[in-house]
Amino acid sequence: MREFLEGSQAVTRVVKLCKPGVISAYPITPQTHIVEGLAQMVADGQLNSQFVNVESEHSAASVVLGAVATGVRAYTATSSQGLFYMGEVLFNIAGLRLPVMLTCANRAISAPINIWNDQQDSVSMRDCGFIQFYAEDIQEVVDLHLIGYRVAEDKSVMLPVMVCMDGFILTHGIETIDMPQQEEVDKFLPPYSALYKLDPERPLTMGPLVDPEYYMEMRFAIQETHKEVIKLIPQITAQFFKVFGRQYHGLIEEYRTKDAQRVIVAMGSVCGTIKEVVDELRAKGKKVGLLKITTYRPFPHQEIYERLKNIPRVAVLDKALSLGSYAPLAVEVKAAFFGKKKQPQVISSFVAGLGGRDITKDSIKEIFRLLTAKERACEFIDLKPELLKETYE
Amino acid sequence: MNRQLFAPGHTACVGCGQSLGARLVIEASGPNTIVANNTGCLEVFSTKYPESSWGVPWIHSLFENAAAVASGIEAALIYLGKKDTVNVIAQGGDGGTADIGLQALSGMFERGQDILYVCYDNEAYMNTGIQRSGLTPFDANTTTSPAGSASSGNIRPKKPMPEIANAHGIPYVATASVGFPQDLQRKVKKAVSIKGPKYIQIHVPCPLGWRHEPVQTAQVAKTAVEAGLYPLVEYENTRLIAVRKIKPSPVEEYLKLQGRFKHLLNNPEEIKKIQEIANHNIEKYNLRVTSSEKNLSTEC
Ligand SMILES: Cc1ncc(C[n+]2csc(CCOP(=O)(O)OP(=O)(O)O)c2C)c(N)n1
Ligand SMILES: [Mg+2]
Chain A
1 MREFLEGSQA VTRVVKLCKP GVISAYPITP QTHIVEGLAQ MVADGQLNSQ FVNVESEHSA
61 ASVVLGAVAT GVRAYTATSS QGLFYMGEVL FNIAGLRLPV MLTCANRAIS APINIWNDQQ
121 DSVSMRDCGF IQFYAEDIQE VVDLHLIGYR VAEDKSVMLP VMVCMDGFIL THGIETIDMP
181 QQEEVDKFLP PYSALYKLDP ERPLTMGPLV DPEYYMEMRF AIQETHKEVI KLIPQITAQF
241 FKVFGRQYHG LIEEYRTKDA QRVIVAMGSV CGTIKEVVDE LRAKGKKVGL LKITTYRPFP
301 HQEIYERLKN IPRVAVLDKA LSLGSYAPLA VEVKAAFFGK KKQPQVISSF VAGLGGRDIT
361 KDSIKEIFRL LTAKERACEF IDLKPELLKE TYE
Chain B
1001 MNRQLFAPGH TACVGCGQSL GARLVIEASG PNTIVANNTG CLEVFSTKYP ESSWGVPWIH
1061 SLFENAAAVA SGIEAALIYL GKKDTVNVIA QGGDGGTADI GLQALSGMFE RGQDILYVCY
1121 DNEAYMNTGI QRSGLTPFDA NTTTSPAGSA SSGNIRPKKP MPEIANAHGI PYVATASVGF
1181 PQDLQRKVKK AVSIKGPKYI QIHVPCPLGW RHEPVQTAQV AKTAVEAGLY PLVEYENTRL
1241 IAVRKIKPSP VEEYLKLQGR FKHLLNNPEE IKKIQEIANH NIEKYNLRVT SSEKNLSTEC
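Keeping their order, the protein sequence lines are chains A and B. Using this note's numbering, read the first sequence as starting at 1 and increasing by one per residue. Using this note's numbering, read the second sequence as starting at 1001 and increasing by one per residue.
Be aware that a few hints might be false.
[What the hints assert, rightly or not] Non-contacting residues of chain A with respect to chain B, defined by C-beta distances greater than 12 Å in every case (computed):
id : residue
1  : Asp44
2  : Gly71
3  : Glu184
4  : Thr205
5  : Ala238
6  : Arg256
7  : Asp279
8  : Lys286
9  : Leu323
10 : Gly355
11 : Lys389
[To be verified] As a list, the in silico SDA-like pairs of lysine to any residue whose alpha-carbon atoms are at most 20 Å apart:
id : chain 1 : residue 1 : chain 2 : residue 2
12 : B       : Lys1048   : A       : Arg219
13 : A       : Lys19     : B       : Leu1080
14 : B       : Lys1048   : A       : Glu213
15 : A       : Lys227    : A       : Trp116
16 : A       : Lys197    : B       : Glu1253
Don't read these hints as lab results, they were simulated from the structure. Using N, Cα and C, we set each Cβ at its ideal position, and we do this for glycine too.
Work out the full structure: start from the sequences and follow the hints.
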């Protein structure tokens, strides 16, 4: 059914359709509308979930950990400092192989404190073992939650999923979207059935002390599972298409890249802006395109290699930093060509939109303009040089 | 009972009070129990992969989140309609409870969740090498509150955890000791029969950290109670309902058993301060047995 919905409201609606037995979250801007919306649904008796009000994100993550360990589907959402505060628990959830669903309303990291959008929060959590999806628009946010639960709870996976949506841009933006119906969701997403759970009928020990004799294999197993996830996601999105009629590759999306000379690689809502610029430049005969990365973990190295190997010039747009080194997404796109003969002549790296600075169509055009034969590393777009001058008395 | 709920063969030190306490707790709660355990000695010595002592479903996540993990378990059991048949226990050491896990524990209390929280109080961070915690007693020598020419050990008395628990208005709070196993098990059974959040703090001597003979674990525990340094108290709905009455013995009787207090033995001034802590407890909880009282555990 077509509905005009705010992004956060759309998330609450799709979460409801997924029927989590336990919800726990702690408020932080710009995730607040999600937790408030779910609390209201439970209060109104529309959603049969245990809503656990916690004193921190650390506990929110721990509550959903405990719930999924008991065999019940669970949901949480957070942002920025909250995601970092969960950090220790996130690694633990993945290590315990618990298919938790987490929505991350992407927001900058303090200091300086800033409530606006970039992707430093979730990008910094890239190593925690969660599968990470980045949505371009609200429709994709909704669909990635459904796809996410399916992937996470697949018996061959049993890993948590983080759906990343740009704060304010998507959480507070409004779009007309196709809201799935309960019958469709029930057809696509069966009730959660755990491989292992805390059950007095069949007692087991979860989270034991594991010494050097066994630890490596357990971590290796997660790494191997991530490789399986790469294969599984396109299969699940194909099933998604059959039920809902919307087609996603799931790992990446190509936009006018076929004969492109210059391509930007990016994640999240900025891809919408890039598509507009691509259309405008194409209309003027410029051979430009976009490669959108939907799945950041596991990182689709092979797909990126295949799609970019014949593109002469590639620009990677990061909305996050790895302070003291090259930009995180750029490093990984470069790594996709590790040991390969074919590769772009240029892979330049650009950083934009930190702390909510608008990435305008002009910002994107600037990136295309700077995508010359000269390779650029960590080139900041839209910096204000006048703010960089400081004198010490 | 045909299922061992806490099997021997684990890697605890000889004379470990916590291993004794953990077995008493789980046997009192029974097989229909799910346990969430903080990081600490108990978790480490009872679950060295691929072995486990636990005959009940048991989960360890992190150092400070057992109360929150247990909250998720409890919520899931309610969702499944199974809460009435399963006890949920969250447990951890004094550090995981009174320090780093206090926030999660407070959240659990405040939500009124039907969980028993058990704190195994060995009065320091034993798992990481005997560093002080908020429950380390006054003047104890630990690796981060060492005695020296300018210090007589830990500078503050124990954090009043039972009172902090009570301040949340929860239905049941008690202290117990592995020196009094029947009393301990009675309290656990009572606690799990009450709906809502419960807190039991159990004094569990640690031969390694307290530097006492491993065979003396029970004696050390008993002596602490008898000196008035570990009052055994029981609250229902924040009202003190029972205490274990004692014929107070001088605190030296307790201190001299343990290397962690050795530096005090020629220091009457410091011993006096510790005696004052005991005297305060004896008065506050009316611990002293009167000639008319036969039974040592008295309702009040
Ligand atoms: C966040 C975090 N900080 C520190 C540690 C290290 N650590 C593990 S157990 C422990 C001490 C445990 O003390 P306590 O809770 O009293 O339990 P005990 O070992 O004494 O039984 C510490 C400091 C950790 N695992 N996690
Ligand atoms: Mg301890």
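Practice problem: Return the numbers of the hints above that this structure violates; sort them in rising order. | Solution: When the structure is compared with the hints, numbers 2, 4, 15, 16 turn out to be violated.
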